[in-house]
Amino acid sequence: MNSHYELLEACENSLETKMGKWFAGDKVIFRGKNLHQELGDKTWFELFLFSVTGRVYSETQVRLLNAIWVCTSYPDPRLWNNRITALAATTRSTPPLAIAASLAASEATIYGHGPNVRSLHFLLNAKRQLTKGQNIQMLIKSEFKQHRAIYGFGRPLHGSDERVPYLMQKLQQSKALDGSYVQLALEVERELKTGRWRLQLNAAGLAAAIVADMGFSVREYHLFMIPSFLAGMPPCFIEAEEKPEGSFFPFRVDRINYKGPEKRTWKS
Amino acid sequence: MSTEPATEKVTTKIWQETASADNPFVASNCYCYGYNVYDDVLLQANWIEYLYLLFIGEQADRQQTIVLQQLAIALANPGPRDASVRAAMNAGVGGSTTASCLIAAIAVNAGQFGGGREVYSLVECIQAMDMDLSQWLAYARKERIADIDCLWPETNHLAGFNPYQKTCSEIWLKLLTHVASDTNMPFCAWLVTHYAAFENITKCAMAKSFVCAAIFKDLGFNSEQAEALYLLLSLPGAVVHALEQKVSGWRHYPFFANGLDLAQSTLNAVSSEPVEVCL
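Protein chains in written order, with our numbering: chain W, 1 to 268; chain R, 1001 to 1279.
Since the hints were made in silico from the structure, they are not lab data.
A quick note: this is a predicted structure, and the numbers were derived from the prediction, not measured.
All residues carry an ideal CB built from backbone N, CA and C; glycine is no exception.
A portion of the hints provided could be inaccurate.
[What the hints assert, rightly or not] Covered by chain W, according to a simulated footprint, are these stretches of chain R (three or more residues, beta-carbon under 8 angstroms):
(1) 1031-1045
(2) 1156-1167
(3) 1208-1220
(4) 1261-1268
Using the sequences provided together with the hints, build the complete structure.
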């Protein structure tokens, strides 16, 4: 047997799973639980959390995690990901195509899953470095050197983030303010505010700290946050569909600001 | 209704339009990097030449056009065993929208194992190491691994090398050696000379992604353009296979009816107590 494709041969017709299986006409096993009998009374949010982490969270924790999704659901069709939904509706495409594309685009660099995931990555790494004896100023300098930013701090459009006071209030209500990652995020913010950077903790940073205190890995958080913008998207679709087709912020020709080469002739 | 002229504009070096005399929302002429698309390009250029113009902003010379066309043909149908084509067929066979077949193919072909992101990483490597053999040998010895962004899952293989093959597929080697005969394809020629040494070190085959990255680099595409074109050029095959399966139907398409086994540990857990609440 050729050792290079031995693994492929072994996997050709056989997959062993720990995650789940549909037994047609009988039952569905979902990460070791019977979906309809053991998980059937969960809310969809709780089921999704279990799907991502394999863990069951307390009611207080679920409320806090739910708040992360609630606070970032903006039904504003100008936002870049939502605008895709509205544009799909104005061209009379289908809702799943509209929202699938918008969710995919939510994995952005300037907002969404890029900052979300990188914020958690920063906090988990920062904690490890601090445990090894590095101080917070050195940590900040090294992060700036590597990424020219600290994910989770600052915001491109405005100086403050309206989601932060909301999440802080939820943290207080949940009595989870003393979590070590939340405290670390606040400590980094104090450094960044007093230093020359003048950056504030933003919602991505605070949400990452909250999930870090709940033991989320980077990949678990990446998966958990996929629907976090979803609730803001259907309103964008509904309204663009109600309005005349093609009428969502139409572009007239002179909206194109051309900066390219002068007119020229194709050389055969 | 507002009649004020638009203030926020889209700035572009690629596209210019002149408005129709009777309707400001209708273009009467379109120019791509200065060339009149419908009066000039359309009559004189082929699609590959136009594609090159869109990405690079200049006309391709004859050799560049031939090489890009050859690459486009090589990529156009990865075949029904390919993961991206299978993704498209999965959408098609269930009667999903045609757009979802294309989306499925793009999403799967975007990956780091044989996908667009691997091509991206390799073009970055080529830009960084050029034809410095010592650096590439160090890379092959896994002393230098492409940067990993936490958004993308970690991979276990070295970008550009397929761990499930010992030597490069004949089809991709044919393409590489063919295009490398052109004097304007220096990295491809260099790769033809050295790939066997890399295969010897890695004990893995030079992958399709490496061949494609080399060609994209020599044609002047940057890493993101290469990633995008790799995805784009691979779509025709995916969608025709999806449309074929839509007609053929799910009864004639693999489901792996007896292929999925639940691990004993999971089966044992089913009847046990609910998992502990995290506090």
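Hints, one by one, checked against the model:
1. Residues of the stretch 1031-1045 of chain R with a Cβ under 8 angstroms from some Cβ of chain W number 9, which satisfies the need for three, so the listed coverage holds.
2. Counting residues of the stretch 1156-1167 of chain R whose C-beta lies closer than 8 angstroms to any C-beta of chain W gives 4; at least three are required, and the coverage claim holds.
3. Closer than 8 angstroms: that is the beta-carbon criterion, and the stretch 1208-1220 of chain R has 0 residues meeting it against chain W, so the requirement of 3 is violated.
4. For a cut-off of 8 angstroms, the count of residues in the stretch 1261-1268 of chain R with a CB near a CB of chain W stands at 6, and the three-residue condition holds.
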